[in-house]
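Take these sequences, add in the hints, and give me the full structure.
Residue numbers (the UniProt record's numbering), protein chains in the order written: chain D, 1 to 196; chain E, 1 to 196.
Since the hints were derived computationally from the structure, they do not count as laboratory data.
Just so you know, not all the hints are guaranteed correct.
Put simply, identical chains are the same to the list, so a pair is met inside one copy or across any two.
As the list claims (entries may be wrong) - Dumping the calculated SDA-like pairs for lysine to any residue here, alpha-carbon to alpha-carbon at most 25 Å:
1) Lys55 to Arg41
2) Lys120 to Arg45
3) Lys55 to Gln34
4) Lys23 to Ser178
5) Lys23 to His35
6) Lys23 to Arg37
7) Lys23 to Ser112
8) Lys23 to Leu180
9) Lys55 to Glu65
10) Lys23 to Asp90
11) Lys23 to Gln125
12) Lys81 to Val135
13) Lys23 to Leu141
Values in this document were obtained by computation on a predicted structure and should not be read as measured data.
Number of protein chains: 2
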Amino acid sequence: MAGSSSLDALVQALRRLPGVGIKSAQRMAFHLLQHDREGARMLARALAQAADNIKHCELCHTFTESAICSTCLDERRDHSKLCVVETPADQSALERTAAYKGLYFVLMGKLSPLDGIGPKDIGLQKLFARATDGVVQEVILATNFTAEGEATAHVIGEALKSRGLQVTRLARGVPAGSELEYVDLGTIAHALVDRR
Amino acid sequence: MAGSSSLDALVQALRRLPGVGIKSAQRMAFHLLQHDREGARMLARALAQAADNIKHCELCHTFTESAICSTCLDERRDHSKLCVVETPADQSALERTAAYKGLYFVLMGKLSPLDGIGPKDIGLQKLFARATDGVVQEVILATNFTAEGEATAHVIGEALKSRGLQVTRLARGVPAGSELEYVDLGTIAHALVDRR
Chain D
1 MAGSSSLDAL VQALRRLPGV GIKSAQRMAF HLLQHDREGA RMLARALAQA
51 ADNIKHCELC HTFTESAICS TCLDERRDHS KLCVVETPAD QSALERTAAY
101 KGLYFVLMGK LSPLDGIGPK DIGLQKLFAR ATDGVVQEVI LATNFTAEGE
151 ATAHVIGEAL KSRGLQVTRL ARGVPAGSEL EYVDLGTIAH ALVDRR
Chain E
1 MAGSSSLDAL VQALRRLPGV GIKSAQRMAF HLLQHDREGA RMLARALAQA
51 ADNIKHCELC HTFTESAICS TCLDERRDHS KLCVVETPAD QSALERTAAY
101 KGLYFVLMGK LSPLDGIGPK DIGLQKLFAR ATDGVVQEVI LATNFTAEGE
151 ATAHVIGEAL KSRGLQVTRL ARGVPAGSEL EYVDLGTIAH ALVDRR
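This is the structure:
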C-alpha cells in the first residue's frame, strides 16, 4: 500500500504466520484496521506476553509458563505411565477423551529425515532420561499414524525396550461410528491383524 | 491447552483474524512459539503500531499515517480525475498497472443491503462532497464486478450524474491473454455489447 509504512510492516509481519500469503495478510490487516482495532491490540498483547512468558516444561517439554507444567505437578495422576505425543494439540486431544490419567512427554516435532530432523532435534535424549527415572513403568507411544509418526514411534520404542521399559502403541483399527464399507482397506487390514 | 493462560489467550486472539478457526489458530501459535519467537514479537509491534498510528486520509479515505495520504498530496497527479474503489487492495492493483495518474476515493466497503450496509456506512456523503469540489471533472467507478460492487457503482453513478459530473465505469470484456473458448458466456456477451 502506498503511503503507510505501518500498514506495510503489518502485512509483512502477518506473512510470518504459517499458511498466510500476501493476499490473506492484506485481508487480515484491512479487517483489523477497519473493523477490529481492539482485536489488533489484544493480539499484540497476547503475542508479546506469550513470546516472553512461555517456555518448555522441564519434565514433559510442553508449553508452560512455570518451570514444570500443571499436568506434571498433578499428584492425582498415574506417574508410572508416560504417553509420548508429537504436539501439545495431540496432548489436548488425548486429555479431552478423559480416558488417560498418566503423564505426557511432548516431542514438539517428529523424526523427519527428509526435512533434516533427526533424534537430536526432537530431544529424544531428554525423553530417554525422563522415561528411565525409575518411576515410569509403561511408555505409551501416541505419535501420529503417518509415515514420520510411525518411524518416530519405532525409533523410540526400540530404544526404550532395550532399556527394559514396557512400551505400547495406540491401537490401530476401525474408527468409532464408521461403516466398514467406507473404511479404507489399510485400516481394515490392521483391524483384522490386531483383532482381540 | 492445559496449564498456560498465555497460550490460551494467544490462540483466542489469533481467532479474531478473518478466516482463522481454532485449528489454524493453534497451529499458528505453536509455530510462532516453537520456531519463530522473533516473528511473534515483530507481529506484536507491527499490530500495536498500526492500531495506534493508522487513520483515514481526509481526502480519499484510504489508510494513512498522516492527515492526507501521499497520493492525494502528489502534485504531479491529475486532480481532475477521481477513481472510486472498494478497498486499498483494489487501489494498489490499479496503481500497479501504472495506467492511471488521477486520484482515488476508497469506499472501505460496498453497499450490501443483505448485510445491513447502506449508503451511510460506506461514507457516500463524504464521496459526494469530495467529487463536487470543483476540481474533479470525471469520476471513474472501479468497484468490483460483483452484485454488490455493481449496485454500489450504480447508486454512486446516478447520484454524481445528477450533480453534473462525468461518470465512467471500468470496461467489461475479455481478460488479456484468454482464449474465447474458455471465457464464461456472460463475459463474452458483455464484450460483444461493449465492442468498439
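Hints, verified against the model:
no.	hint	in the structure
1	Lys55 to Arg41	both (23 Å within a copy, 15 Å between copies)
2	Lys120 to Arg45	neither (33 Å within a copy, 33 Å between copies)
3	Lys55 to Gln34	between (34 Å within a copy, 9 Å between copies)
4	Lys23 to Ser178	between (38 Å within a copy, 23 Å between copies)
5	Lys23 to His35	both (18 Å within a copy, 23 Å between copies)
6	Lys23 to Arg37	both (20 Å within a copy, 23 Å between copies)
7	Lys23 to Ser112	between (30 Å within a copy, 22 Å between copies)
8	Lys23 to Leu180	neither (42 Å within a copy, 28 Å between copies)
9	Lys55 to Glu65	within (6 Å within a copy, 36 Å between copies)
10	Lys23 to Asp90	between (30 Å within a copy, 11 Å between copies)
11	Lys23 to Gln125	neither (42 Å within a copy, 30 Å between copies)
12	Lys81 to Val135	within (9 Å within a copy, 78 Å between copies)
13	Lys23 to Leu141	between (40 Å within a copy, 23 Å between copies)
Violated hints, listed in ascending order, are 2, 8, 11; each of the other numbered hints is respected by the structure.
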